[in-house]
Amino acid sequence: MAGLELELAGIKMKNPVMVASGTFGYGEEASKFVELDKLGAIVTKTITLEPREGNPPPRIVETASGMLNSIGLQNKGIKDFIENRLPFLAKYKTPVIANIAGDSAKEYAELAKMLNKESAVKGIEINISCPNVVKGGMFFCFDPKATAELVRLVRKQTSLPIIVKLSPNITDIAAIAKEAEAAGADAISLINTLLGMAIDTKTRNSRLGSPTGGLSGPAIKPVAVRMVWQAAQAVKIPIIGCGGIMTGKDALEFFLAGASAIQVGTANFVDTQAPIRITEEIKNYLAENKIGCYKELIGKALLT
Amino acid sequence: MAGLELELAGIKMKNPVMVASGTFGYGEEASKFVELDKLGAIVTKTITLEPREGNPPPRIVETASGMLNSIGLQNKGIKDFIENRLPFLAKYKTPVIANIAGDSAKEYAELAKMLNKESAVKGIEINISCPNVVKGGMFFCFDPKATAELVRLVRKQTSLPIIVKLSPNITDIAAIAKEAEAAGADAISLINTLLGMAIDTKTRNSRLGSPTGGLSGPAIKPVAVRMVWQAAQAVKIPIIGCGGIMTGKDALEFFLAGASAIQVGTANFVDTQAPIRITEEIKNYLAENKIGCYKELIGKALLT
Amino acid sequence: MSIQEKCRVLDHKEVAPKHYKLTLFSSYISSRAEPGQFVNVRCSQEYDPLLRRPFSIHRVSKDYFELLYEVVGKGTEQLSKQTIGSEIDVLGPLGSGFKIDGKKQIAILAGGGMGVAPLLLLAETLKDKVKAIYVLIGCNCKSRLLCEQDFKNVTDQVLVSTDDGSYGKKGFVSDTLLEVLNDTIGARNLSQSIIYACGPKPMLKAIADISFQKKIDCQVSMEERMACGIGTCLGCVVKTKDGYKKVCDDGPVFDSKEIIWQD
Amino acid sequence: MSIQEKCRVLDHKEVAPKHYKLTLFSSYISSRAEPGQFVNVRCSQEYDPLLRRPFSIHRVSKDYFELLYEVVGKGTEQLSKQTIGSEIDVLGPLGSGFKIDGKKQIAILAGGGMGVAPLLLLAETLKDKVKAIYVLIGCNCKSRLLCEQDFKNVTDQVLVSTDDGSYGKKGFVSDTLLEVLNDTIGARNLSQSIIYACGPKPMLKAIADISFQKKIDCQVSMEERMACGIGTCLGCVVKTKDGYKKVCDDGPVFDSKEIIWQD
Ligand SMILES: Cc1cc2nc3c(=O)[nH]c(=O)nc-3n(C[C@H](O)[C@H](O)[C@H](O)COP(=O)(O)OP(=O)(O)OC[C@H]3O[C@@H](n4cnc5c(N)ncnc54)[C@H](O)[C@@H]3O)c2cc1C
Ligand SMILES: Cc1cc2nc3c(=O)[nH]c(=O)nc-3n(C[C@H](O)[C@H](O)[C@H](O)COP(=O)(O)OP(=O)(O)OC[C@H]3O[C@@H](n4cnc5c(N)ncnc54)[C@H](O)[C@@H]3O)c2cc1C
Ligand SMILES: Cc1cc2nc3c(=O)[nH]c(=O)nc-3n(C[C@H](O)[C@H](O)[C@H](O)COP(=O)(O)O)c2cc1C
Ligand SMILES: Cc1cc2nc3c(=O)[nH]c(=O)nc-3n(C[C@H](O)[C@H](O)[C@H](O)COP(=O)(O)O)c2cc1C
Ligand code: FES
Ligand code: FES
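Chain order of the listed sequences is A, B, C and D. Counting from 0, one number per residue, gives the positions in the first sequence under numbering that gives the first Met the number 0. Counting from 0, one number per residue, gives the positions in the second sequence under numbering that gives the first Met the number 0. Counting from 0, one number per residue, gives the positions in the third sequence under numbering that gives the first Met the number 0. Counting from 0, one number per residue, gives the positions in the fourth sequence under numbering that gives the first Met the number 0.
Think of the hints as simulated: they come from the structure by calculation, not from any bench. Errors might be hidden in some of the hints.
Below, simulated EDC-like cross-link-like pairs (lysine to aspartate or glutamate); rule was C-alpha separation at most 20 Å, straight line [stated by the list, open to error]:
hint : chain 1 : residue 1 : chain 2 : residue 2
1    : C       : Lys200    : A       : Glu34
2    : D       : Lys73     : C       : Asp88
3    : D       : Lys238    : B       : Glu4
4    : D       : Lys73     : C       : Glu222
5    : C       : Lys238    : A       : Glu52
6    : C       : Lys240    : C       : Glu257
7    : A       : Lys75     : C       : Asp249
8    : B       : Lys177    : B       : Asp142
9    : B       : Lys289    : A       : Asp102
10   : D       : Lys103    : D       : Asp88
11   : B       : Lys201    : A       : Glu34
12   : A       : Lys248    : C       : Glu45
13   : C       : Lys98     : C       : Glu222
14   : C       : Lys126    : C       : Glu65
15   : C       : Lys200    : C       : Asp248
16   : B       : Lys201    : A       : Glu280
17   : A       : Lys75     : A       : Glu49
18   : D       : Lys244    : B       : Glu28
19   : B       : Lys201    : A       : Glu279
20   : B       : Lys201    : A       : Glu295
21   : C       : Lys244    : A       : Glu27
22   : D       : Lys12     : D       : Glu33
23   : A       : Lys31     : C       : Glu33
24   : C       : Lys80     : D       : Asp88
25   : A       : Lys78     : A       : Asp102
26   : A       : Lys201    : B       : Glu279
27   : C       : Lys20     : C       : Glu33
28   : C       : Lys73     : D       : Glu86
29   : B       : Lys75     : D       : Asp88
30   : C       : Lys5      : A       : Glu34
31   : D       : Lys213    : D       : Asp249
32   : A       : Lys78     : C       : Glu45
33   : A       : Lys299    : B       : Glu28
34   : B       : Lys248    : C       : Glu76
35   : B       : Lys282    : B       : Glu6
Isolated chain A (complex conformation) (with noise of 0.2 Å):
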């Protein structure tokens, strides 16, 4: 689509929106109600080394403008993954970002590595909102270091272009966000959920299966553009939006604030159209506003 195309840390897209992870599977299913060719890029729900069996349920609850969901990575694991899911995504021309997360940094290498020999896979994309257990549970998102440690062993394993996706449940987003690029990443994306809770004061339990949740939706999407614009100003490479976004509009505002690229995430359960839709809605704007390309927007919010 003229003036919507891209190249995104080398990964060649005909619109800058994309799925996110979690909230698309493995497109097979989604599939029957949108045309995959549409899609900026698919990224995929996050893989591990190993299958998990996810969190009990309940998974989800409704929060106000929002949702909490607990699904935990459930997954089948990477062989899984590229003898039974890639296949069917290699059938379509919109690339494919693997989404990643492992218990180590050693894991994540051996994620890269597996995935780097697969010519359907166009990028990777690092999960680290997830625990380090060789660091005692501490979540690598929480550390800088690990994270950039974590970002360098992947390096080395892949010649593919890496995202790393950034939790906003930090204080200092543009810290993190510098150190993933020092550290060899090629674009960053965020926000992942905010962590959240919803007791159920009738069986005074969590209303989730577990304790806490990640929350998503509409109602996180003030904290995601502030976060976009934080990062933007921290760092050089490309910036992927996601939190919220609805509406073509609300993608406009992520590229304002600095995204080059979105991602569409609980909007997909609202409506299966939404990137598709979305996508019309920022070619109208263009038109409207007669800009040639998206990218004239990029950052251009006018902030002090």
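Put chains B, C and D with the ligands on the given structure of chain A with help from the hints.
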């Protein structure tokens, strides 16, 4: 009200439902709509040493199930508070908690000293979401050590109960809660607003007069409940929960998560009767569940 | 295949206090819907409530289908305000419904509360395919009884029980089930029989237990909180002997022996 | 004094495309409302949209009052769906309205777009108190013209201008104002005259400039985003010569000389 009385850090309240700083002014305007004597406590708008003009408008923008504000501590200073605002509040039986902020620990201490002499003031809430000009604009709330130092200085100047109000824009709420406790805080309150941003796609400018603002309202409740729960695991001093409380059920979530009392903020704008209605709803819940005192619920969520 | 479609409201009425029947136009969905399948409905245009809400397909006609729902919260509250002529965003038909086994000539449909919703379409579908249909309806009290007459139009064997005894037998659906199995159908015919159940989890568990003891086939329609409704989010899982399975996709109808019944 | 009250909808109709007139029952509010005051209305029961929305009091009767509003976003969209007989949560009457000065015998009311809303109550209130009322209405185009007849019922001097010339004079309200001041009222009578204006900021600024040049008193009704509407949040400020003042409380009506007009 039976089952609702409490003594929080030495402050006697008839119920655990206070109004949050900045959402109730200094009580006078609101008193036209709300029976002040029915409130647990009144927390004033933040008071500074010198008058502050506040931020340029627009100062309010609505977001999904929430709002951003950039009021920016507009107030007429401590002298005006003591001379012109406090006498009005002194007429009521409801305890007044003065919320204060300064650009340096010294300013906070000075404010505390002045308030110490005012018998109508029953407690001090320290708003640490304020830039530390001495430390080059770094916010107190991001720096556990600076926060602790601040609390220690204030502690020396006042015998009034000290409540430290924490910001959610940090990685480790438990750590800063512990520091505040160790430094002599009598209670902590949380959360203040989440830092957020909204961009007008027409003007490309912030939808506020400032680039960023504080996000409040139901949208942030899951984050607030989670942080109260985390803080409650870390400290022994009472916790005052705040963030998106609109109903009695919301308040109960905070009690179950570990709050000894709560503050109602944004809800006051939606329903002037919110604090009184919430108190009633808590009372009804206790009656329906045959619970003698709300304190039986504090921290009683069945979470691991 | 399924579709996301704006469906026009052809009819919408309160059939009992807080219970509504909603008739939606869609030749696509009505021509493909199978008993036990559901649709995922957008109840609000704003972001609160945000997610779609799942409802069983209650009945179908050539060009339209019906939902039967109870107002229990924000989503159903807003849905109930939709007027005739307006359009509602619907995703469907979704999920894997009741499997009809040609060999089972005696069908026992057990519905608790709103669980009757998918059973009417099932009963109407089974009508010409089996020898006998028993419909067991349970609810708290008489005022919450739904669809009795609709089921009576399909079969003579409609057995109502209420928790408080205000109508029909006093007791649970599972009590009625035991009676029917023991007294009416009899041991000899159990292998020809099949149970289809929908309702609250404790009821389903009780029925699954009975079916296990009696060695009679049993399919249960499960409920779980959903986000996507189409199998992408992994939000709606139930524990089965093969690990977590998705209610929206692998279910909502499962063989009762597959489910690991927890409390 | 003001009140938070559930007001019953007595009437609700679309008076022009996307423009509605809403009649609400409240003897409390209607008996106290002054021209230029407003009410803060809860448009949704859910949390999106969350905040109340301010609307000028358009007209009052003994037991009810009217609002005139345009659907521009979520809040007004939801408000427009309220049916006759339902109840709406209203806070009011709020703010400090137009100050009527008994010495000024010539009143010039200038309204741009929705700015006419509070001017009708003002015109009706002034009717028996002043010698002459001029009503200057401006809007984009004919289809967006509001209340012309209502104003004509109060005064013969209703002057319409449209930006595109599709009705009345082509031009802005401020152009009409200059003409009226120069040609009709004349320099001698300016000290007896007063301007009351409500509309978009650029229009108010232009009118404030004219009033300044002509040394004629001028009151303007300002708009700003509100949260509380009652003076507690400090959200709705405008810059004045005495620092920030609250639109909801100190205003919405200000002396035009007080305001620091920025772009
Ligand atoms: C496959 C499937 C088919 C269904 N078919 C029907 C039907 O035909 N008719 C009908 O009335 N309802 C049906 N439901 C339940 C229906 O989806 C919920 O009642 C509805 O989502 C409630 O939305 P709400 O916003 O009104 O309530 P909320 O405000 O979301 O919740 C109100 C109360 O209902 C409970 N609740 C809400 N959703 C569910 C759920 N999915 N499972 C269990 N408890 C829930 C909540 O815990 C809460 O206590 C079905 C659910 C599923 C999963
Ligand atoms: C004192 C006062 C009196 C008013 N009287 C009337 C009236 O009589 N009739 C009427 O139709 N409107 C009136 N308004 C404006 C009215 O409050 C807004 O149109 C309404 O709040 C829009 O809500 P929404 O949710 O539909 O739009 P939103 O979705 O909130 O916004 C839609 C668009 O309208 C703009 N907008 C919304 N609110 C305001 C505001 N307060 N000021 C400026 N721009 C705004 C937004 O920037 C946005 O572009 C008045 C405003 C004030 C402050
Ligand atoms: C149900 C669900 C599952 C998710 N799973 C993952 C995941 O496996 N890996 C990941 O990096 N992010 C995951 N996310 C986070 C999203 O990719 C996205 O960062 C977040 O939801 C914010 O965007 P949104 O508000 O548009 O949903 C998940 C989000 C949801 C709602
Ligand atoms: C308009 C507005 C002004 C506020 N001003 C202050 C303030 O001056 N000092 C302070 O400590 N908190 C202030 N807050 C934060 C609230 O006290 C509260 O911590 C926050 O809004 C979260 O609660 P809520 O979601 O219930 O509003 C303000 C909040 C709002 C919405
Ligand atoms: S609801 Fe998303 S997988 Fe079932
Ligand atoms: S809207 Fe809150 S002070 Fe005016």
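Status of each hint after checking the structure:
no. : hint                  : verdict
1   : C:Lys200 <-> A:Glu34  : 37 Å, violated
2   : D:Lys73 <-> C:Asp88   : 18 Å, holds
3   : D:Lys238 <-> B:Glu4   : 44 Å, violated
4   : D:Lys73 <-> C:Glu222  : 33 Å, violated
5   : C:Lys238 <-> A:Glu52  : 10 Å, holds
6   : C:Lys240 <-> C:Glu257 : 6 Å, holds
7   : A:Lys75 <-> C:Asp249  : 16 Å, holds
8   : B:Lys177 <-> B:Asp142 : 12 Å, holds
9   : B:Lys289 <-> A:Asp102 : 46 Å, violated
10  : D:Lys103 <-> D:Asp88  : 37 Å, violated
11  : B:Lys201 <-> A:Glu34  : 30 Å, violated
12  : A:Lys248 <-> C:Glu45  : 15 Å, holds
13  : C:Lys98 <-> C:Glu222  : 17 Å, holds
14  : C:Lys126 <-> C:Glu65  : 19 Å, holds
15  : C:Lys200 <-> C:Asp248 : 19 Å, holds
16  : B:Lys201 <-> A:Glu280 : 14 Å, holds
17  : A:Lys75 <-> A:Glu49   : 7 Å, holds
18  : D:Lys244 <-> B:Glu28  : 14 Å, holds
19  : B:Lys201 <-> A:Glu279 : 18 Å, holds
20  : B:Lys201 <-> A:Glu295 : 14 Å, holds
21  : C:Lys244 <-> A:Glu27  : 16 Å, holds
22  : D:Lys12 <-> D:Glu33   : 24 Å, violated
23  : A:Lys31 <-> C:Glu33   : 18 Å, holds
24  : C:Lys80 <-> D:Asp88   : 18 Å, holds
25  : A:Lys78 <-> A:Asp102  : 17 Å, holds
26  : A:Lys201 <-> B:Glu279 : 18 Å, holds
27  : C:Lys20 <-> C:Glu33   : 19 Å, holds
28  : C:Lys73 <-> D:Glu86   : 18 Å, holds
29  : B:Lys75 <-> D:Asp88   : 33 Å, violated
30  : C:Lys5 <-> A:Glu34    : 19 Å, holds
31  : D:Lys213 <-> D:Asp249 : 26 Å, violated
32  : A:Lys78 <-> C:Glu45   : 41 Å, violated
33  : A:Lys299 <-> B:Glu28  : 41 Å, violated
34  : B:Lys248 <-> C:Glu76  : 19 Å, holds
35  : B:Lys282 <-> B:Glu6   : 18 Å, holds
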